[in-house]
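Chemist: Generate coordinates for the entire structure from the input sequences, incorporating the hints supplied.
4 protein chains.
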Amino acid sequence: MSIYGETLRLSIFGASHAEFVGMTLEGLPSGEEIDLAELQAFMDRRAPGRNEYSTPRNEADVPEFLSGLDGNVIRGPSLTAVVRNTDARPSAYADIRNIPRPGHADYPAYVKYGKFVSGGGQFSGRMTAALCVAGGVCVQLLKKRGINIYARIRSIGPVSDSDEWRLPMENGFPTSDPDAGKRMIEWILDRKAEGDSCGGIIECMIAGVPAGTGGPVFGGLENRISAAVFGIPAVKGIEFGDGFALAQMKGSESNDAFVVRGNRVETETNRCGGILGGLATGMPILFRVSVKPTPSVAKPQKSVDLETMKETEIRVGGRHDPCVVPRAVPCVEAAAAVAVLDAILTDGKDGEI
Amino acid sequence: MSIYGETLRLSIFGASHAEFVGMTLEGLPSGEEIDLAELQAFMDRRAPGRNEYSTPRNEADVPEFLSGLDGNVIRGPSLTAVVRNTDARPSAYADIRNIPRPGHADYPAYVKYGKFVSGGGQFSGRMTAALCVAGGVCVQLLKKRGINIYARIRSIGPVSDSDEWRLPMENGFPTSDPDAGKRMIEWILDRKAEGDSCGGIIECMIAGVPAGTGGPVFGGLENRISAAVFGIPAVKGIEFGDGFALAQMKGSESNDAFVVRGNRVETETNRCGGILGGLATGMPILFRVSVKPTPSVAKPQKSVDLETMKETEIRVGGRHDPCVVPRAVPCVEAAAAVAVLDAILTDGKDGEI
Amino acid sequence: MSIYGETLRLSIFGASHAEFVGMTLEGLPSGEEIDLAELQAFMDRRAPGRNEYSTPRNEADVPEFLSGLDGNVIRGPSLTAVVRNTDARPSAYADIRNIPRPGHADYPAYVKYGKFVSGGGQFSGRMTAALCVAGGVCVQLLKKRGINIYARIRSIGPVSDSDEWRLPMENGFPTSDPDAGKRMIEWILDRKAEGDSCGGIIECMIAGVPAGTGGPVFGGLENRISAAVFGIPAVKGIEFGDGFALAQMKGSESNDAFVVRGNRVETETNRCGGILGGLATGMPILFRVSVKPTPSVAKPQKSVDLETMKETEIRVGGRHDPCVVPRAVPCVEAAAAVAVLDAILTDGKDGEI
Amino acid sequence: MSIYGETLRLSIFGASHAEFVGMTLEGLPSGEEIDLAELQAFMDRRAPGRNEYSTPRNEADVPEFLSGLDGNVIRGPSLTAVVRNTDARPSAYADIRNIPRPGHADYPAYVKYGKFVSGGGQFSGRMTAALCVAGGVCVQLLKKRGINIYARIRSIGPVSDSDEWRLPMENGFPTSDPDAGKRMIEWILDRKAEGDSCGGIIECMIAGVPAGTGGPVFGGLENRISAAVFGIPAVKGIEFGDGFALAQMKGSESNDAFVVRGNRVETETNRCGGILGGLATGMPILFRVSVKPTPSVAKPQKSVDLETMKETEIRVGGRHDPCVVPRAVPCVEAAAAVAVLDAILTDGKDGEI
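Chains as they are written, first to last, in the numbering used here: chain A, 3 to 355; chain B, 3 to 355; chain C, 3 to 355; chain D, 3 to 355.
It should be emphasised that the hints constitute simulated quantities derived from the structure, not laboratory data.
Do not rely on the hints blindly, as some may be mistaken.
In silico lysine-lysine, DSSO-like type, Cα no more than 30 Å apart, as pairs [to be verified]:
1. A:Lys304 with A:Lys194
2. B:Lys312 with A:Lys252
3. B:Lys194 with B:Lys301
4. B:Lys194 with A:Lys312
5. D:Lys194 with D:Lys184
6. A:Lys252 with B:Lys301
7. D:Lys252 with C:Lys301
8. C:Lys252 with D:Lys252
9. A:Lys301 with A:Lys184
10. B:Lys146 with A:Lys252
11. C:Lys194 with C:Lys304
12. A:Lys252 with B:Lys252
13. A:Lys301 with B:Lys252
14. D:Lys184 with C:Lys252
15. B:Lys304 with B:Lys194
16. D:Lys194 with D:Lys304
17. A:Lys194 with A:Lys301
18. A:Lys252 with B:Lys145
19. A:Lys312 with A:Lys301
20. D:Lys304 with C:Lys252
21. D:Lys194 with C:Lys252
22. C:Lys194 with D:Lys301
23. D:Lys301 with D:Lys312
24. D:Lys252 with C:Lys312
25. D:Lys312 with C:Lys252
26. B:Lys184 with A:Lys304
27. B:Lys312 with B:Lys184
28. A:Lys184 with A:Lys194
29. A:Lys184 with B:Lys184
30. D:Lys312 with C:Lys184
31. C:Lys194 with C:Lys301
32. C:Lys304 with D:Lys252
33. B:Lys184 with B:Lys194
34. A:Lys194 with B:Lys252
35. B:Lys301 with B:Lys312
36. C:Lys194 with C:Lys184
Modeler: If you want it as structure tokens, here you go:
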């Protein structure tokens, strides 16, 4: 379903080639101010057509609020906003109508719904514009509660950022090491020149989540965050803390020792990524997601004409990102923000912070 | 929350040191037979005390059905079963009452609920006994619909199973390569001898899921499966298909080409793990989860006395698995079975299969 | 929350004085045709400005589909439609900004959200235009499954329709006895002439619901239908079958005897309204709702200026229905259709019918 | 489904003739004390076998808490309790196995699940013992927040209580006018002597709910309360405030004028039952429910043998209440308490009160 959340309820609607995509977010505390310029800056980080390593599709991506906002104050039972699609060109997809693009939802959507939907329809990455409206609002509400969300590009193809976080990062290409960022851009542009694409890994840190936030079994922070983050197309894996590397450690290595720092209990290391038993430990929450390469590549690919059931070759036209990782960074922050604010409001901690 | 699902609704209740743990599962189709011996065999794969590499806590782990089962036929609006705790020894935890065990939920649960809960209470791995009752039922209902779930141990510490799946595996220690299995057991027993523990990676394959199963945005199979699987304590990462390795590929490498096999459309490779855009492609669904080492180790560890706020040392007594990976294998199958059956029933595909 | 349903999920968004109101409906079976002219006719029964006993606010109320409709075929994961607000005049409310209108949500919304929202905002009866899009689609899907929903005006003020149902009713003013309908219109116009308003009772019959549809405890048809129907502003009561009259009977009178009719089991009477234990009996489902008089009346009323906390008098301008009951008839059908289709899809009965 | 709630989540499980019925309640604030004697007194008001006008089935109805209660303090993610069934006699139902009892769920449950379930199984009024555990806890948490719930018997058959509320009422037979109560008991005993049964109306008042509690469309207090209250078998109607009587009034009569009392805004009358637009006005919430006569009557009734499809006569043995209204009074309070506490926690008002 396109609905997420427990106390917050986020519903995402519209489609890539419709008049707009939009979102309704219920359960927000009333009376809080939103900085609309800051929200727009957040949207701009995801918006297409901003540089040579993203799609030339050009969208203003300005959220228009239909309800729930009184000037810039949240007011009323639910916030609804739409983001217009002004530069959709469905005709680009006309000649590949019966031939599913490898790596896209075309084929299973054809089987499920009985027909192609132009441009990926509701499976398009364009839906993340709506996610970013919701997430951009939640990011601001969290910041007021002392909770900050940062995401950076950990790697693009074989090029890695440094292990250490350095803040603030330059948002246009968020790495801790600016040189690594430059090499990543080069890697992307080389793939673009080849008519190919690439993926990468995004790392997200959420600082300031109160210890105890979350719940057991299906209500844990890992469950909640992953259920939101996999709403971003192209994400194919998630790991918390040391994640897959933990599988190779001994318990005496993987456990994070408790220590006293000032008058606070902390852990000496943070291999658990700030989550134990589904609950926040009070240390920064850390997770990484794997983003697959953009499936739309200019190179010819093998596919099948679903009407004739003959194998054929497909060349995917349209305008595509050689690498969606930079634009996915604010989407990961948005998904994390919705998940964490929902967990906090569900815990009823809101008044105390 | 301890509730999962959309058309199916699974609620898990009870606690590790209470009279029992239990589960209620609603939304099952009525009139289908359950093979109770097969269910018990499934439970036994998770049950403790069965061999030298699992905890000596000894539990029969026989599900007792309170409602919803008429003989061995599902009948009525909801299935409720309990699994008794007969060998709980809360006294083992008496002297570490104010000292959180590293790697456990003790500390954040103390902050959240204001006090320790003996033996991890509702955060204990014991809750997975209830998950396995639900999952064991769903596994059988899926099998009747031509859907089979297999999980194997992909690695324990540095010891890996072969890349290829070989079926059937010997369930007592499910690897494709029996020699790898033996080396894994040795690795575990060596850690046990050291008073330490270890983790590993579990790989799960779900064969036969109809193409199109799932949904976009938050209703995708990745969202659904991860939201269920992180309900298993100790799971710290999940990746679908080639997962994190996809981040290093080019699009021309990572895309799975569509081909015709017999009268079916298939993909030549399955790097996407059988899921595109949240929907099943009809190829086997493949995912791997990272399981951290058992946090309870005999070796002394640093912790903090939460009453005095002094740093101290803790030695965790009680009876613990040197490695929970083998017992987590059926839990992963159970979580996957609940998630997939829920997705299938939500799609209303049930009648067609 | 503005979200309803279990297998179907209906989200209603927008506001009375925004650009539009809208709805997203997920979980519909794909591939079914919608008769768009029939849907428009359904919308027209609710639309304002059609006759002298409804508000002169004039809205075309044409649903525009953004996603989920391929021509007139349901296709894709969710159906989103908007209905534009073209004749909103928020200025009419300018001078009563701090004075809550009696009988409206103004006062509690002011307390909750900290300020007035023009024209009732998201509490307005205008939101039922979105409900009618969803309901109008569900009515058609139910009809294909042999399930028909009819609602009629049972009474307006002191004027009652006949006890017997006579079908088809003239939809413009749906009563079984046309003479009763004429007297009802007279009653309404007399109230309008006085600067007053009136309410009434709507009776709804749902024929063809398969025996067994529904569930126990909170999943019963009464729970489901009432949770949807109270989404219509002005509804203040609901009773199933003989409802409140049952409280005065003996068990030997109120029980419906089972009999054989042809090869079917039926009940001789239908005092239970076609529902026992939350499950459909297979007899027509019957319920009645009480609709309070339109709270906006031209007569002066006592209220309070919330800024000065002084008692004052208010005269409610704007354009209002002297009686919303006729326009509420399709809304009741819409709410019932969403509730019943959701229950049927949840039961997985869809394939069988 | 047997699950209710948004921030609170109540799951009811077990069955009438199983070892127990039970409930899990998640989302409660941690650290609050429960008065267990008061909870038991609440349970005792619903318990059977206490007097000559209730069923002779004798159950202690003592809730046993499995998790979530530390001494008498709420502690942990969820509260689970069971109530044992000690006096179930399924044999009493042996000879009416294929003959549905009029007025019970037997027939539609047979159609839905393919077979009879002894004693009504999960459709039994016995499930309300679990509801009363949850509701009894919520009643206490509400009381600490200044919110009090009272229900009284408004009428039994033709005998009515006085219009005015008089508090405190004698809980054993809660009417405002003790004489009316005595005449009601006489009426019940006369029906019992006839081998018949009777129903009645219960009126519930919830004082102290903060203005603004609730939400629009499907999140309104009427939607929430009715969705919970219809979880009590035998309830066939609900009306808020003047309910069905509003349908006969003019707007100038039905509107409640706003006035200033002390420094508070109140309404002069309370015809809306303390709810406008789904939101609490701050005045007492008032609703009435219709309870049908106990369907189990000793008198012979017409029914059908579902195996032979022949009409037949049934005499319902077993031990039954001649009137369930007195025992339903705490059930109505319980359902209302769960609904109102859930609405308050969802609004995040908890910290402020």
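Chemist: Checking each numbered hint in turn, tell me which of them this model violates, lowest number first.
Modeler: Of the numbered hints given earlier, those the structure breaks are 4, 8, 10, 12, 18, 22, 26, 27, 29 and 30, listed in rising order.
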